[in-house]
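Using the sequences provided together with the hints, build the complete structure.
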Amino acid sequence: MAAQQAGGSPESSGLAIETRALTKRFGERVALDSVELQVPRGCAFGFLGPNGAGKTTLIRTLLGLTQASAGSMQLLGHPVPAERERALQRVGAIVEEPRFHMHLNGRENLRIVAAVRGPEAYARIEPALARVGLSERAGDKVKSYSMGMRQRLGVARCLLADPLLLILDEPTNGLDPGGIQEFREMIRAMVEQEGRTVFISSHLLDEVEKTCDAAAIVDRGRIITQGPIAELASGGGARHELIVGIGEGQAAAALAALGQIAAVAEARSSDEGLRVVLAGEPRGAAEVNAALVGAGIAVMRLEPVRHSLEQRFLEITSRLDAAELPEQVEA
Amino acid sequence: MSAIALRMVGADFLKLRKRRGTLVWALVLTLLPLLVYFIVRAAQHSSSPAEHGPAGGTAGYTDAVRILAVFFGPLAAIMIGTDGGAGDLAAGVFRDLVVTGRSRVALFASRVPAALGLCWLVAGFGYLLLVVGTVVFAGSSPNPSGALFLNGLAFTLLSTGVICVVAVGFSALTGSRPAALTVLIGWQLVASPVLANISSLGSSRRLVLSQAIVHFSPISLGDRGGRGVTITMGGATAIIVIVGWIALFGALGAWRTRRMDA
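Residue numbers (the working numbering), protein chains in the order written: chain A, 1 to 331; chain B, 332 to 593.
In case anyone wonders, no lab produced these hints; they're calculated from the structure. There's no promise every hint is true.
[As the list claims (entries may be wrong)] FRET-style restraints, in silico, Cβ to Cβ:
| # | chain 1 | residue 1 | chain 2 | residue 2 | range |
| --- | --- | --- | --- | --- | --- |
| 1 | A | 27 | B | 568 | 42 to 52 Å |
| 2 | A | 82 | B | 567 | 41 to 51 Å |
| 3 | A | 133 | B | 371 | 49 to 59 Å |
| 4 | A | 122 | B | 568 | 22 to 32 Å |
| 5 | A | 29 | B | 567 | 49 to 59 Å |
[As the list claims (entries may be wrong)] Per the computed footprint, the stretches of chain A lying under chain B, defined by three or more beta-carbons under 8 Å from a beta-carbon of chain B, are:
| # | segment |
| --- | --- |
| 6 | 55-69 |
| 7 | 72-86 |
| 8 | 99-105 |
Don't be surprised by glycine CBs; every beta carbon is placed ideally from N, CA and C.
Put into structure tokens, the structure is as follows:
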């Protein structure tokens with residue numbers, strides 16, 4: 001069930017989502033503050049932020065569930081709200097938890113949305129149910145479904161649009177570990193095998209890191225940073241860091257040797273031995289090793305540092321907290 | 332009506348038809364009072380024919396139309412209409428329909444014929460029972476003419492249909508089915524008769540919807556269904572009042588559906 005691309009049309013070019021100075025106010029409170037977001041096509045994109053950061057507000061604004069106070073936005077190349085109907089034809093979305101008519105069965109709930117979407121959506125009901133593994137339970141009333149089944153039915157409802165873009169708001173909420181794993185695999189398959197773009201809002205860092213190719217970190221209604229996951233985790237740019245295990249008492253000599261080579265941007269001793277930040281490519285690790293061995297240092301361990309998104313996220317949000325603290329104290 | 336619009340109406344009809352609680356109570360409200368009426372009147376007639384006339388026939392038909400079209404049919408119409416107007420919001424699926432990109436006004440518009448369809452189906456069952464009761468229990472009394480039967484059906488459909496459409500619009504406006512249900516039943520059962528009885532309101536009482544509707548009754552309802560004084564008005568005035576109510580609440584419901592945060 002690969003997404004059918006519309007060649008040459010706005011749907012097949014440019015960014016999946018683009019916002020410029022998008023602002024949403026609720027009275028005095030600014031929920032979105034000049035948001036500049038660019039979501040590339042054909043990837044799983046995480047929209048990461050703590051509770052109350054503005055994630056759901058952004059999604060609701062993009063989908064026209066609430067009006068923006070200022071700024072502009074485009075979905076699949078179509079400006080919204082000006083071309084909202086065309087833009088949303090190929091967008092599927094689950095906002096907050098998926099809701100259904102509980103007195104109807106799964107298939108009937110899909111029929112209701114298919115009726116609104118158009119005749120071609122009817123033909124997608126059975127494939128969509130099969131895609132999410134609900135064919136056998138589609139005749140049961142939704143009130144008998146587990147949370148995981150409702151999430152899957154929500155995805156099936158999105159698939160009725162044959163979406164180029166799926167927008168999922170906290171999709172793993174309420175799922176057990178097995179359900180989360182299944183969901184993650186389904187998202188990856190949609191991106192890698194079907195060529196869809198999946199935009200996932202979440203406060204679960206680990207989930208975004210495992211599922212997404214790129215992400216934006218949002219806090220207090222502002223986009224703090226965005227880019228590929230690896231870049232975000234390393235703090236932006238191609239920052240490669242090594243842990244070097246060396247013999248006792250050799251740190252000074254090792255630092256002196258590393259100071260001679262261009263591949264090293266920064267080196268310092270640490271509990272593990274040395275922490276070395278490379279100036280460029282990860283290949284520089286070989287030069288580090290050669291320089292140390294050449295200087296008669298016994299290299300026992302050479303390991304790249306794995307930065308996690310969680311570390312980066314906490315760095316960013318704690319910096320923001322620190323920056324805002326004096327203002328709060330003054331206030 | 333386009334194919335998509337027809338499908339949307341069909342989908343809205345499905346939602347209403349499958350809501351067992353609403354449907355059962357609407358049928359109970361429509362059928363049970365008629366059943367009770369015919370059974371009680373038949374029992375009275377059989378025990379004392381000189382004192383009590385037959386349950387059916389022309390006299391029985393008049394009473395039965397009053398029960399169905401003036402009292403209980405509109406209550407069933409309110410139940411169905413309020414469900415149709417606020418059902419999506421109550422279930423939390425309105426936003427899922429909005430994110431399809433379909434116009435919100437179109438989403439509202441499809442609810443009206445769907446609710447009307449179910450309302451008339453229920454009213455039709457009620458009228459069928461009414462006709463059967465009228466004929467079966469006619470005894471020595473003459474049966475109403477075919478034309479009167481048809482006019483009675485048209486009046487029943489008008490009475491229930493208008494109230495149903497107003498209920499769809501009003502419940503979309505409030506966004507709450509319980510609130511809309513309470514207000515409309517209160518209006519229908521209490522406020523309307525009270526307003527019609529306040530003579531100092533003069534000709535402005537013509538604006539009361541139930542008064543405009545009973546203008547089209549094919550039978551004499553005496554004191555307008557036993558709920559107050561007769562407010563006389565011309566046919567054109569009655570039509571204007573009915574159309575005005577439908578247009579007002581249709582427009583308000585559509586406006587609210589279009590403007591609200593989903």
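Hint check results:
Hint check: residue 27 (chain A) to residue 568 (chain B), Cβ distance near 46 Å, so the stated range 42 to 52 Å holds. Distance hint for residue 82 (chain A) and residue 567 (chain B): a CB-CB separation of about 44 Å, consistent with the stated range 41 to 51 Å. At about 57 Å, the beta-carbon gap between residue 133 (chain A) and residue 371 (chain B) stays in the expected band of 49 to 59 Å. Between residue 122 (chain A) and residue 568 (chain B) the beta carbon distance is about 47 Å. The supplied range of 22 to 32 Å is therefore violated.
Roughly 53 Å separates the CB atoms of residue 29 (chain A) and residue 567 (chain B), a value that falls within the hinted 49 to 59 Å. Coverage of the segment 55-69 of chain A by chain B holds [criterion: at least 3 residues with CB-CB distance below 8 Å; count 5]. A count of 3 residues in the segment 72-86 of chain A with a Cβ less than 8 Å from any Cβ of chain B is obtained; the coverage claim is therefore met, three being the minimum. As drawn, the segment 99-105 of chain A meets chain B at 6 residues by the rule of a beta-carbon pair under 8 Å; at three or more, the given contact holds.
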